[in-house]
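Q: Chains A and B are the protein sequences, given in the same order.
Residue numbering for the first sequence follows the numbering used here, starting at 17 and increasing by one per position.
Residue numbering for the second sequence follows the numbering used here, starting at 6 and increasing by one per position.
Treat each hint with caution, since some may be false.
Okay, the calculated bits of chain A under chain B, using three or more residues with CB under 8 Å as the criterion [stated by the list, open to error]: (1) 28–35; (2) 38–47; (3) 70–84.
It should be emphasised that the hints constitute simulated quantities derived from the structure, not laboratory data.
Only a predicted model underlies this, so the values are computations on that prediction, with no experimental measurement involved.
Just so it is clear, CB atoms sit at the ideal spot from N, CA and C, and this is done for glycine as well.
Next come the chains, spelled out residue by residue.
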Amino acid sequence: MRTETQLIAAAQAGSADAFADLVKLYRDRLLRFLLTRCASYADAEDALQDTMINAFRYIRSYDPRWRFSTWLYRIAIRNAGKLRSPDVVELGDLRDEENDPLLRCIRASETENLWVSARRLLNDEVFAAMWLRYAEDLSVNDISTALDRSVSWTKVNLMRGRKTLGAAMNETDTKSEAYG
Amino acid sequence: MDKLANKLRQDAENIEANVSDELDRRIRASLQGVTPANDQHAVRPPSRHAGFWWASSLTGIVAAAAVIAIINSQQDAPVPQAKPAKLFAAVPTIDLKTETAVMTSPLQQELDALQSDIKKAERRVREEVGL
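The following block holds chain A by itself, in its conformation from the complex:
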């Protein structure tokens, strides 16, 4: 079994198989993230495929000082951003409760999934920062690198995101208690 460093070296030498093995660990997590930003499951899959292709194409520019997951997320966020460019139909308009890929993939639970509220309440960048912090456990430095933002911007917006989602969570809890 080759280590991540060995797989990166082999991928940089041009081995597509080594790259496919390298990203195996991250694919499901990336797909989950892309589901929160795409209008359909098929779009999320396409975005994942594009992310993989771009990552392999520019694997030689990968700087080992970064975590590999940070670098992959940076590419994924850019790809997701392209899907939301102004010349594309607004994704929010296309969403409906039945076809929303995020809602379809959420396991039934007693309370509302907070990421659904996050998507409604936060803008794309703050949502991504919150996701990378709490779903992926990335450090503030890694998040600022992935989003191409300063560390102070990241800290401030994580705090704002927390405040907004904290209020949403409290509201949901209050409603649950009220209904019983």
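Put chain B on the given structure of chain A with help from the hints.
A: Relative to chain A, chain B alone:
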């Protein structure tokens, strides 16, 4: 870890998303057609043989030496000197005959006398010209 962070982590895990075998095959197939680009995303020309650089340097040195030699060899030739043109040859010289005014009376009288002389001179010229 606080309540919000726990909730966010748990909710993220509740999102079920797995790469299907079909998508895996698709990704692997598309990767086969991709070649990693160079670091600078630029196509660099292949490096030249060292002899090429020596040859081009020598050619430059020889060319510079030739130019210097040609310039130096031309310094012995006499430099043609242009003759100064006679600019005033065609222009007639005006012989001005002036006399110093001798002030023998008060200024007003002198002025009147001079104006009278001018009128006389003018009349004489007119008579000579035939006007």
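Q: State for each hint whether it applies.
A: Now the hints, each set against the structure:
Under the rule that three or more residues need a Cβ within less than 8 Å of chain B, the assignment of the stretch 28–35 of chain A holds, with 5 such residues. Taking a C-beta to C-beta cut-off of 8 Å, the stretch 38–47 of chain A contributes 3 residues in contact with chain B, enough for the three needed, and the coverage statement holds. Residue count for the stretch 70–84 of chain A with a Cβ under 8 Å from a Cβ of chain B: 6. That meets the three needed, and the coverage hint holds.
The structure fails none of the hints (numbered hints given earlier).
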